[in-house]
Amino acid sequence: MAAVKRTVGELRPNMTMGFTVFDTHVRDGLARERILAWLAGSFGVLAALLATIGVYGVISYLVVRRRHEIAIRLALGSGRTRVVRLILGEIAILLVVGLVLGGVLAVAMASGASSLLFGLSPRDPMTLVRATAGLATIGFLASSLPAFRASRIDATSALRAE
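Take the sequence shown: its letters are residues 1 to 162, numbered as in the working numbering.
It cannot be assumed that every hint is accurate.
[As the list claims (entries may be wrong)] For each label pair, taking beta carbons as the anchor points, the in silico distance ranges come out as:
no. : residue 1 : residue 2 : range
1   : 85        : 161       : 47 to 57 Å
2   : 27        : 120       : 35 to 45 Å
3   : 4         : 51        : 54 to 64 Å
4   : 93        : 161       : 27 to 37 Å
5   : 58        : 107       : 43 to 53 Å
6   : 118       : 149       : 38 to 48 Å
7   : 133       : 32        : 43 to 53 Å
8   : 114       : 32        : 29 to 39 Å
[Stated by the list, open to error] Using 20 Å as the maximum straight-line C-alpha spacing, the simulated SDA-like pairs for lysine to any residue come out as follows:
no. : residue 1 : residue 2
9   : 5         : 16
10  : 5         : 22
11  : 5         : 15
Since the hints were made in silico from the structure, they are not lab data.
All values reported here derive from a predicted model rather than from experimental measurement.
We put the CB at the ideal spot given by N, CA and C, even for glycine.
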(Lines of atoms letter the chains of each structure in order from A; the text may use other names.)
(Lines give C-alpha, C1' and ligand atoms only; values in the text may rest on other atoms or scores of the structure.)
Protein backbone atom coordinates (compact mmCIF):
# COMPACT_ATOMS: atom_id res chain seq x y z
CA MET A 1 0.00 0.00 0.00
CA ALA A 2 2.84 2.38 0.88
CA ALA A 3 4.61 1.60 -2.40
CA VAL A 4 1.48 2.47 -4.38
CA LYS A 5 1.09 5.77 -2.51
CA ARG A 6 4.76 6.62 -3.08
CA THR A 7 4.64 5.80 -6.79
CA VAL A 8 1.43 7.78 -7.39
CA GLY A 9 2.84 10.64 -5.30
CA GLU A 10 5.94 10.73 -7.51
CA LEU A 11 3.90 10.67 -10.73
CA ARG A 12 1.20 13.12 -9.60
CA PRO A 13 2.25 15.12 -6.57
CA ASN A 14 -0.94 17.25 -6.48
CA MET A 15 -3.30 14.25 -6.41
CA THR A 16 -4.95 13.31 -3.11
CA MET A 17 -5.42 9.65 -2.36
CA GLY A 18 -7.50 7.69 0.08
CA PHE A 19 -7.46 3.95 0.55
CA THR A 20 -10.03 1.89 2.41
CA VAL A 21 -10.31 -1.83 2.80
CA PHE A 22 -13.00 -3.27 0.52
CA ASP A 23 -14.73 -4.99 3.45
CA THR A 24 -15.07 -1.63 5.21
CA HIS A 25 -16.52 -0.07 2.07
CA VAL A 26 -19.09 -2.89 1.69
CA ARG A 27 -19.98 -2.82 5.39
CA ASP A 28 -20.55 0.93 5.31
CA GLY A 29 -22.67 0.56 2.18
CA LEU A 30 -24.90 -2.05 3.81
CA ALA A 31 -25.38 -0.25 7.12
CA ARG A 32 -28.77 1.15 6.11
CA GLU A 33 -30.01 -2.25 4.96
CA ARG A 34 -28.86 -3.85 8.21
CA ILE A 35 -30.73 -1.27 10.26
CA LEU A 36 -33.87 -1.79 8.18
CA ALA A 37 -33.56 -5.57 8.52
CA TRP A 38 -33.11 -5.23 12.29
CA LEU A 39 -36.17 -2.96 12.50
CA ALA A 40 -38.26 -5.36 10.42
CA GLY A 41 -37.18 -8.27 12.61
CA SER A 42 -37.98 -6.31 15.76
CA PHE A 43 -41.43 -5.43 14.48
CA GLY A 44 -41.95 -9.09 13.57
CA VAL A 45 -41.08 -10.18 17.11
CA LEU A 46 -43.37 -7.49 18.50
CA ALA A 47 -46.19 -8.67 16.21
CA ALA A 48 -45.68 -12.27 17.34
CA LEU A 49 -45.78 -11.17 20.98
CA LEU A 50 -48.99 -9.21 20.42
CA ALA A 51 -50.51 -12.18 18.58
CA THR A 52 -49.62 -14.45 21.49
CA ILE A 53 -51.21 -12.09 23.99
CA GLY A 54 -54.30 -11.73 21.81
CA VAL A 55 -54.78 -15.47 21.36
CA TYR A 56 -54.22 -16.01 25.08
CA GLY A 57 -56.87 -13.41 25.91
CA VAL A 58 -59.45 -14.83 23.51
CA ILE A 59 -58.92 -18.42 24.68
CA SER A 60 -59.05 -17.34 28.33
CA TYR A 61 -62.34 -15.57 27.65
CA LEU A 62 -63.76 -18.66 25.92
CA VAL A 63 -62.71 -20.86 28.84
CA VAL A 64 -64.34 -18.50 31.35
CA ARG A 65 -67.56 -18.55 29.32
CA ARG A 66 -67.53 -22.36 29.38
CA ARG A 67 -66.67 -22.58 33.08
CA HIS A 68 -70.08 -24.07 33.97
CA GLU A 69 -69.80 -26.74 31.27
CA ILE A 70 -66.25 -27.61 32.34
CA ALA A 71 -67.37 -27.82 35.98
CA ILE A 72 -70.16 -30.23 35.02
CA ARG A 73 -67.69 -32.39 33.10
CA LEU A 74 -65.33 -32.45 36.07
CA ALA A 75 -68.18 -33.18 38.50
CA LEU A 76 -69.33 -36.11 36.38
CA GLY A 77 -65.88 -37.68 36.57
CA SER A 78 -64.07 -36.38 33.53
CA GLY A 79 -60.36 -36.26 34.23
CA ARG A 80 -58.29 -33.13 34.12
CA THR A 81 -56.27 -34.40 31.16
CA ARG A 82 -59.50 -35.03 29.27
CA VAL A 83 -60.57 -31.41 29.83
CA VAL A 84 -57.19 -30.17 28.62
CA ARG A 85 -57.42 -32.41 25.54
CA LEU A 86 -60.97 -31.21 24.87
CA ILE A 87 -60.00 -27.55 24.90
CA LEU A 88 -56.74 -28.02 23.02
CA GLY A 89 -58.53 -30.18 20.45
CA GLU A 90 -61.09 -27.48 19.78
CA ILE A 91 -58.36 -24.88 19.58
CA ALA A 92 -56.38 -27.11 17.21
CA ILE A 93 -59.33 -27.19 14.80
CA LEU A 94 -59.56 -23.40 14.84
CA LEU A 95 -55.80 -23.13 14.47
CA VAL A 96 -55.69 -25.46 11.46
CA VAL A 97 -58.54 -23.60 9.75
CA GLY A 98 -56.80 -20.27 10.39
CA LEU A 99 -53.44 -21.54 9.17
CA VAL A 100 -54.93 -23.02 5.99
CA LEU A 101 -56.88 -19.85 5.19
CA GLY A 102 -53.85 -17.70 6.01
CA GLY A 103 -51.60 -19.88 3.85
CA VAL A 104 -53.97 -19.67 0.90
CA LEU A 105 -54.20 -15.89 1.27
CA ALA A 106 -50.42 -15.60 1.63
CA VAL A 107 -49.84 -17.53 -1.59
CA ALA A 108 -52.52 -15.51 -3.38
CA MET A 109 -51.10 -12.17 -2.23
CA ALA A 110 -47.42 -13.13 -2.61
CA SER A 111 -46.92 -11.39 -5.93
CA GLY A 112 -47.60 -8.03 -4.28
CA ALA A 113 -44.70 -8.55 -1.88
CA SER A 114 -42.20 -9.73 -4.48
CA SER A 115 -40.54 -6.30 -4.70
CA LEU A 116 -39.82 -6.41 -0.96
CA LEU A 117 -38.08 -9.79 -1.04
CA PHE A 118 -34.42 -10.13 -1.93
CA GLY A 119 -33.09 -13.57 -2.72
CA LEU A 120 -36.45 -15.28 -2.13
CA SER A 121 -39.24 -16.16 -4.44
CA PRO A 122 -42.64 -14.86 -3.33
CA ARG A 123 -43.94 -18.40 -2.97
CA ASP A 124 -40.91 -19.98 -1.31
CA PRO A 125 -42.20 -23.22 0.26
CA MET A 126 -39.70 -23.29 3.15
CA THR A 127 -40.61 -19.75 4.16
CA LEU A 128 -44.29 -20.65 4.16
CA VAL A 129 -43.64 -23.84 6.15
CA ARG A 130 -41.53 -22.00 8.73
CA ALA A 131 -44.05 -19.19 9.09
CA THR A 132 -46.87 -21.70 9.48
CA ALA A 133 -44.90 -23.69 12.05
CA GLY A 134 -44.09 -20.51 13.97
CA LEU A 135 -47.71 -19.39 14.01
CA ALA A 136 -48.87 -22.87 15.03
CA THR A 137 -46.37 -22.86 17.91
CA ILE A 138 -47.51 -19.41 19.02
CA GLY A 139 -51.16 -20.50 18.88
CA PHE A 140 -50.52 -23.70 20.80
CA LEU A 141 -48.44 -22.04 23.50
CA ALA A 142 -50.92 -19.20 23.91
CA SER A 143 -53.84 -21.59 24.30
CA SER A 144 -52.18 -24.20 26.50
CA LEU A 145 -52.16 -22.06 29.66
CA PRO A 146 -55.93 -21.35 29.57
CA ALA A 147 -56.54 -25.05 28.84
CA PHE A 148 -54.52 -26.10 31.89
CA ARG A 149 -56.29 -23.48 33.99
CA ALA A 150 -59.62 -24.89 32.85
CA SER A 151 -58.64 -28.30 34.19
CA ARG A 152 -57.98 -26.73 37.62
CA ILE A 153 -61.50 -25.32 38.00
CA ASP A 154 -63.09 -26.25 41.31
CA ALA A 155 -66.28 -27.93 40.12
CA THR A 156 -68.20 -27.41 43.36
CA SER A 157 -67.64 -23.67 43.62
CA ALA A 158 -68.18 -23.15 39.88
CA LEU A 159 -71.53 -24.94 39.98
CA ARG A 160 -72.63 -23.05 43.10
CA ALA A 161 -71.79 -19.72 41.51
CA GLU A 162 -74.32 -20.22 38.74
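Hint check:
no.	hint	in the structure
1	85 to 161: 47 to 57 Å	25 Å, violated
2	27 to 120: 35 to 45 Å	23 Å, violated
3	4 to 51: 54 to 64 Å	56 Å, holds
4	93 to 161: 27 to 37 Å	29 Å, holds
5	58 to 107: 43 to 53 Å	26 Å, violated
6	118 to 149: 38 to 48 Å	44 Å, holds
7	133 to 32: 43 to 53 Å	31 Å, violated
8	114 to 32: 29 to 39 Å	21 Å, violated
9	5 to 16	10 Å, holds
10	5 to 22	17 Å, holds
11	5 to 15	10 Å, holds
Violation of the numbered hints given earlier is confined to hints 1, 2, 5, 7 and 8; the remaining hints are satisfied by the structure.
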